[in-house]
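K.L.:
Take a look at the letters that make up each chain.
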Amino acid sequence: DTGVSQDPRHKITKRGQNVTFRCDPISEHNRLYWYRQTLGQGPEFLTYFQNEAQLEKSRLLSDRFSAERPKGSFSTLEIQRTEQGDSAMYLCASSLFDVQGLEQYFGPGTRLTVT
Amino acid sequence: AQSVTQLDSHVSVSEGTPVLLRCNYSSSYSPSLFWYVQHPNKGLQLLLKYTSAATLVKGINGFEAEFKKSETSFHLTKPSAHMSDAAEYFCVVSEPRGGADGLTFGKGTHLIIQP
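Chains A and B are the protein sequences, given in the same order. Residues 1 to 115, numbered by our numbering, are exactly what the first sequence covers, in order. Residues 1 to 115, numbered by our numbering, are exactly what the second sequence covers, in order.
It should be emphasised that the hints constitute simulated quantities derived from the structure, not laboratory data. There may be inaccurate statements among the hints.
To be verified - Taking lysine-lysine and the BS3-like style, the derived pairs with C-alpha atoms no more than 30 angstroms apart in a straight line are:
#1 B:K58 x B:K68
#2 A:K57 x B:K42
#3 A:K11 x B:K42
#4 B:K69 x B:K58
#5 A:K57 x B:K58
#6 A:K14 x B:K107
#7 B:K69 x A:K71
#8 B:K107 x B:K58
#9 B:K42 x A:K14
To be verified - Some chain B residues close to chain A (C-beta under 10 angstroms, calculated; not the full set):
#10 A1
#11 Q6
#12 D8
#13 S32
#14 F34
#15 N41
#16 A86
#17 L103
#18 T104
Said to hold, decoys possible - Chain B stretches covered by chain A per the calculated footprint, using a threshold of three residues with CB under 8 angstroms from any CB of chain A:
#19 43 to 54
#20 105 to 114
Ideal Cβ positions, reconstructed from N, Cα and C, are used throughout, including at glycine.
Could you build all of it, start to finish, from the sequences and the hints given here?
P.N.:
Structure, rendered in structure tokens:
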């Protein structure tokens, strides 16, 4: 399967711990996005990369959130000092940036539960 | 800034009857518009997209949507509902060529199919 993959699929952590999620995009895609989805809501855009450059990060929810894509392939999203309000589904998507308009392909998500 | 309003949080139809899911958008640009579907415990799947070509867009599984600029609408329809269509549907807007805001999702419409 050559779709977007995310690891882990589920994460349970205690408040105050740090967590890191990984996303592997479709191999030829140069853009990678992170979203958060809370219960009963649509996904909320957090940040995105074009190759290894993070082109938008002002929408990250707080300075506890950070993302990297060091070699322009996989990406990680880290949440430091987790809070109960961070419990959500974290989605990754990738796309091929071209003039036709963007079609983003989503991974299955990582469900985070903060206890 | 861009936004999406899905006019119904829940829609219930009988199997074999038409489906209409309503969406209005707001954008400062000529946007790209999408409908995504999310089945329980599965990732988001693209149903169809509009990117300034034909205003009537056909998607997968018999769905289609019509872009009406004068009404700022992009409603999703299907002539005959199937039980497998039961899912959450998201209307999504994007700036041309993706822009810096990623995708903006509506809050979703939960489609219920009655046997």
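K.L.:
Each of the hints needs a verdict: does it hold here or not?
P.N.:
Comparing the hints with the structure gives:
1. Among the hinted pairs, K58 (chain B) with K68 (chain B) is consistent with the structure: their alpha-carbon atoms are about 15 angstroms apart, no more than 30 angstroms.
2. With a C-alpha separation of about 27 angstroms, the suggested pair K57 (chain A) and K42 (chain B) falls inside the 30 angstroms cut-off, and the hint holds.
3. For the proposed pair K11 (chain A) and K42 (chain B), the alpha carbon gap of about 17 angstroms is at most 30 angstroms, so the pair holds.
4. Distance restraint check for K69 (chain B) and K58 (chain B): the Cα-Cα separation of roughly 17 angstroms lies within the 30 angstroms cut-off, and the hinted pair is therefore satisfied.
5. Between K57 (chain A) and K58 (chain B) the CA atoms are separated by roughly 34 angstroms; this puts the pair beyond 30 angstroms, and the hint is violated.
6. A distance of roughly 29 angstroms separates the Cα atoms of K14 (chain A) and K107 (chain B); the hinted pair therefore holds under the 30 angstroms criterion.
7. Straight-line distance between C-alpha atoms of K69 (chain B) and K71 (chain A) comes to about 41 angstroms, which puts the hinted pair past the 30 angstroms bound.
8. For the hint pairing K107 (chain B) with K58 (chain B), the CA-to-CA distance comes to about 23 angstroms; that is within 30 angstroms, so the pair holds.
9. For the hint linking K42 (chain B) to K14 (chain A), the alpha-carbon distance of about 26 angstroms falls within 30 angstroms, and the restraint holds.
10. A hinted interface residue such as A1 (chain B) counts as satisfied when its beta carbon comes closer than 10 angstroms to some beta carbon of chain A; here the least separation is about 12 angstroms, so the hint is violated.
11. At its closest, the beta carbon of Q6 (chain B) sits 8 angstroms from a beta carbon of chain A; the interface hint therefore holds under the 10 angstroms criterion.
12. The restraint placing D8 (chain B) at the interface with chain A is violated, with a minimum CB-CB distance near 14 angstroms, outside the 10 angstroms limit.
13. Interface hint at S32 (chain B): satisfied, since its Cβ lies 4 angstroms from the closest Cβ of chain A, which is below the 10 angstroms cut-off.
14. For F34 (chain B), the shortest C-beta to C-beta distance to chain A is roughly 7 angstroms, which falls under 10 angstroms, so the interface hint holds.
15. For N41 (chain B), the shortest C-beta to C-beta distance to chain A is roughly 8 angstroms, which falls under 10 angstroms, so the interface hint holds.
16. Here the hint on A86 (chain B) is broken, as its CB sits about 17 angstroms from the closest CB of chain A, past 10 angstroms.
17. Checking L103 (chain B) against chain A by beta carbon gives a least distance of about 6 angstroms; that is within 10 angstroms, so the hint holds.
18. Among the interface hints, the one on T104 (chain B) holds; its C-beta lies about 7 angstroms from the nearest C-beta in chain A, closer than the 10 angstroms criterion.
19. Under a criterion of three residues with beta carbons nearer than 8 angstroms to beta carbons of chain A, the stated coverage of the region 43 to 54 of chain B is upheld, 7 such residues being counted.
20. Taking a C-beta to C-beta cut-off of 8 angstroms, the region 105 to 114 of chain B contributes 4 residues in contact with chain A, enough for the three needed, and the coverage statement holds.
The structure is inconsistent with the numbered hints 5, 7, 10, 12 and 16, although it conforms to all the rest.
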